Every structure is written in C-alpha cells, then in structure tokens.
Amino acid sequence: MTVRREKAERLADEELMPLIGAKDPEAFEVFYDRHGGVAYSLAYRIVGERAAAEDVTQEAFISIWRSGARFDRARGSVRSWMLSIVRNRAIDALRSRAGKAPKLTFDDDAILEQRPAEELTEEEAMKHETAAEVRGALGTLPGEQSKVLELAYFGGFSQSEISRMLGVPLGTVKGRMRLGLEKIRGELAEGLA
Amino acid sequence: MTDIDHDRWREDVAAYLLGALEPEAAAALERHAEGCEHCRAEIRWLTPALDALPESVEQLAPPRDLRERLMAEVRFEAEPADAPGAEPAAAGLFARASAWLRELGSGPMGLRPVVGFAAAVLVVAAVAGFAIGGGLGSGEDGETSTIVAGEAPGVTAKMVSEGDGGTLHLANVKQLPSDRVLEAWVQRDGEVEPVEALFVPDREGRASTELPDMDGVEVVMVTKEPSGGSATPTGEPLISVEVPQ
Chain A
88 MTVRREKAER LADEELMPLI GAKDPEAFEV FYDRHGGVAY SLAYRIVGER AAAEDVTQEA
148 FISIWRSGAR FDRARGSVRS WMLSIVRNRA IDALRSRAGK APKLTFDDDA ILEQRPAEEL
208 TEEEAMKHET AAEVRGALGT LPGEQSKVLE LAYFGGFSQS EISRMLGVPL GTVKGRMRLG
268 LEKIRGELAE GLA
Chain B
951 MTDIDHDRWR EDVAAYLLGA LEPEAAAALE RHAEGCEHCR AEIRWLTPAL DALPESVEQL
1011 APPRDLRERL MAEVRFEAEP ADAPGAEPAA AGLFARASAW LRELGSGPMG LRPVVGFAAA
1071 VLVVAAVAGF AIGGGLGSGE DGETSTIVAG EAPGVTAKMV SEGDGGTLHL ANVKQLPSDR
1131 VLEAWVQRDG EVEPVEALFV PDREGRASTE LPDMDGVEVV MVTKEPSGGS ATPTGEPLIS
1191 VEVPQ
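Those protein sequences? They're chains A and B, same order as listed.
Using the working numbering, read the first sequence as starting at 88 and increasing by one per residue.
Using the working numbering, read the second sequence as starting at 951 and increasing by one per residue.
It is possible that part of the hints are untrue.
Which chain B residues face chain A? A few, computed with CB under 10 angstroms, are given here [as the list claims (entries may be wrong)]:
| id | residue |
| --- | --- |
| 1 | D962 |
| 2 | G969 |
| 3 | A970 |
| 4 | T997 |
| 5 | L1000 |
| 6 | D1001 |
| 7 | P1004 |
| 8 | L1010 |
| 9 | V1024 |
| 10 | E1027 |
Just so you know, these hints were derived from the structure itself, not from any lab.
Quick caveat: nothing in here was measured; it's all calculated off a predicted structure.
Heads up, the beta-carbon is just placed ideally off N, CA and C, and yes, glycines get one too.
Throw the hints in and build the complete structure from the sequences for me.
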C-alpha cells in the first residue's frame, strides 16, 4: 500500500472530495472502496440486472471523478450525494431500456409489463424482503406506504404516474409518501435516542 | 399565507424528496421553500429518511473487474496531458473502449467488456525461457495448447474464441505500477497493431482483454505500456501466443 493511499484512508469523505477534484487516483480509489458496494447494490436494486448495474455504477463513479470538485457539502453528505447520482443514472438507464416515453394507461397489468421498474419493485422486493426488513426501514411500513415509496424511489415514477397505476387519487399518493417518509424518519430518530 | 396554502406545499415535500414531483411542481416548491423556513425545516427533517432508502437494499459485492476498469480509466485521466504516451482525455481509454464495444454491437451504455463467449478453444501456458515450440496444436477434447516464450515467469494464458473474435485471459500477472497498463497486440502479415482496449490485472493477478477481430492474426502479444497505451509496443512482450492458421 502506498503512503498516499494510507493517508487517503484516514480522511473523511468530505476531505477526499477536494483531492478527487484535483485528480488524485488514490483518493478516488479509497472513495470507491468505501462506497462502491452500496452504489452497486442500489444500481442493481433499480435496474435489476448485473451487467446494467455495473454500467450504471461505472458511469456514476466516472462522473464523480470528473466532477468531484462540484460537491457542495451544504447540500448533504458525500455518500448521499453519490447515491443520488447512482440513483439518477439507474433511473435513466431504466427509462432508456423501457423506451423514451412509455405509454401509461389505467390498466395496471399493462403498465407492469411495460416497465421493468415495476417488475423489479414487485419481484425483487419479495426476493430481498428479509434483507430489507433487517437493514432498512421500508420493511416496517404498511404495504401501501412502502409501495409508493418503492415506485417513486426505486422505480422512478412520478406521483401522477403512481396515482394512475394504482388507481388512487393523487392526494392519496402524496399522503402515503409523506406518511411513509415520516414514519421512517421517526424510527431513525428513535434509534438515535 | 394561510395554513391551508402551507399544508398544500407541505404535502408535496415527500414527493419532492423522492423525485416524484413533476419538474414544474418541483421548481415551484423550491421557489416557495426559499422563503419558507417551515418547508425548509420539513425538507431537512425528512432528508435522513430519504437517505435511508438506498441503505435498505440488499448489499451485494460489486464485481472485482469493475474496480479494475474504473481505476484504469481514472489513472489514465489523472496523467498530465503532456506526459509521454498520454492522449487527450476525450480520446482516452473510456472513449476507446466505448467505441470498440460499439463496434462489437454492445448496448448503448457500452462500457463493460463483452462477456459470455463460448467454449475455450485455445489454452496457452507461458513459461519464461522456453522458445516457441511449433505453435499451437490441437488437444483431444478440442482445446489446443502450447508453450510460449515470455518475460514473466509463471504467467499463464487462456484464449476463448467465438466467431471472429475472442478473449485472452491471463493469470499470475504481477501487479503493475499505477502508471502502467497492459496492452494487447495482434500481428497480421508481419504487421503489429494494437487491440483497442487496455487492461490491468486484478488483485489475484488475473487480467482479461477482448480480441474483437482474430481474422488473419498470426501472433497475439501483451506488453506493459504507460497509462493510456501506446501506438507501438515499447517493451518486450509479457506473453506471446502463436495462433494456428
């Protein structure tokens, strides 16, 4: 291990970012080793296929390497910023794969067949249910709340699309999203108490 | 602003954080929040819940070669533009690999080496100090093998072919300095030309590269080159493989 690598490992993410912005490969390597796993896992959760998840992760990290200096710590943690980049690219990949503007209908089955995201949220959620319950707060939510959160966050659907998909009023979707996030937030706060 | 007005904005905060607000509505909320401490506080309060969502997914180990590809690209781009052997970043490894993969007909994202080639056809063992002994010969089960000369003792190579192309897999390759990469070359009619992809060994000393066009190739070689690769080999081959015609 190089001295530069050892030094980089002792730095916090926020301290690594200026080095990455200055094109320091060792700093970037440490950054990837810290966050590559969760990034790849999130990408896989969204796109549902390993090769596509690799592409998304690679694109996201190269983007960070090229734009690391643009990180604004006032907008949150480096990890959250990185994961938002991964999420956005994964959703883009999902939409690209499903067609530029998939036609949404009021037929749930037709929508689910058109959109791989939905397939993922339904099937993968079942597949990974145990891990999700252990690791995350989604598993603790009522099904109707977790579903809208999953469709929005992991599926990339807008609230209007979700409203049409589920056949419920827009206000109901908004309410479920708010209640879902508030419950997760409350549990996080309890965990810290 | 009335309480009813404010509740309307507050109701949108969760959808906004989840990226589920339509762009116009999201922009409107952002404008409103600039002057509304209540909404900013709501956003701040709910943000940790949003951050928990990606952490809730089942954690998977990323493929090892993803890291190697990333770091090869990063090290290439980190090189000063005027360094020997360096190319402009836009024409870097990433672009070269992407162009090459597009030629192979991979998807639009085109950043991942093509995988999944068919059965192994050629198996080659490299042992330093041995002269090439008659090229490759057919084995009983359809595989062919030979012993070839190389500068790296213990390096072994396996070539998997399909159609007009193939994949060269090396094993027991020593780790490279951060400013060096592996580059493959093919020889046709006595002329040596580079393969349009650079690669590096992983921590276990394994390294692979695609050979998209094996038509007429007489010899496949691998050399160590500066990051970004070279137009012609700058050193002795790490491994050299004769291809039966």
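Cross-check of the supplied hints:
no.: 1; hint: D962; result: holds, 7 angstroms
no.: 2; hint: G969; result: holds, 7 angstroms
no.: 3; hint: A970; result: holds, 4 angstroms
no.: 4; hint: T997; result: holds, 7 angstroms
no.: 5; hint: L1000; result: holds, 7 angstroms
no.: 6; hint: D1001; result: holds, 5 angstroms
no.: 7; hint: P1004; result: holds, 4 angstroms
no.: 8; hint: L1010; result: holds, 5 angstroms
no.: 9; hint: V1024; result: holds, 5 angstroms
no.: 10; hint: E1027; result: holds, 7 angstroms
In this structure, every one of the numbered hints holds.
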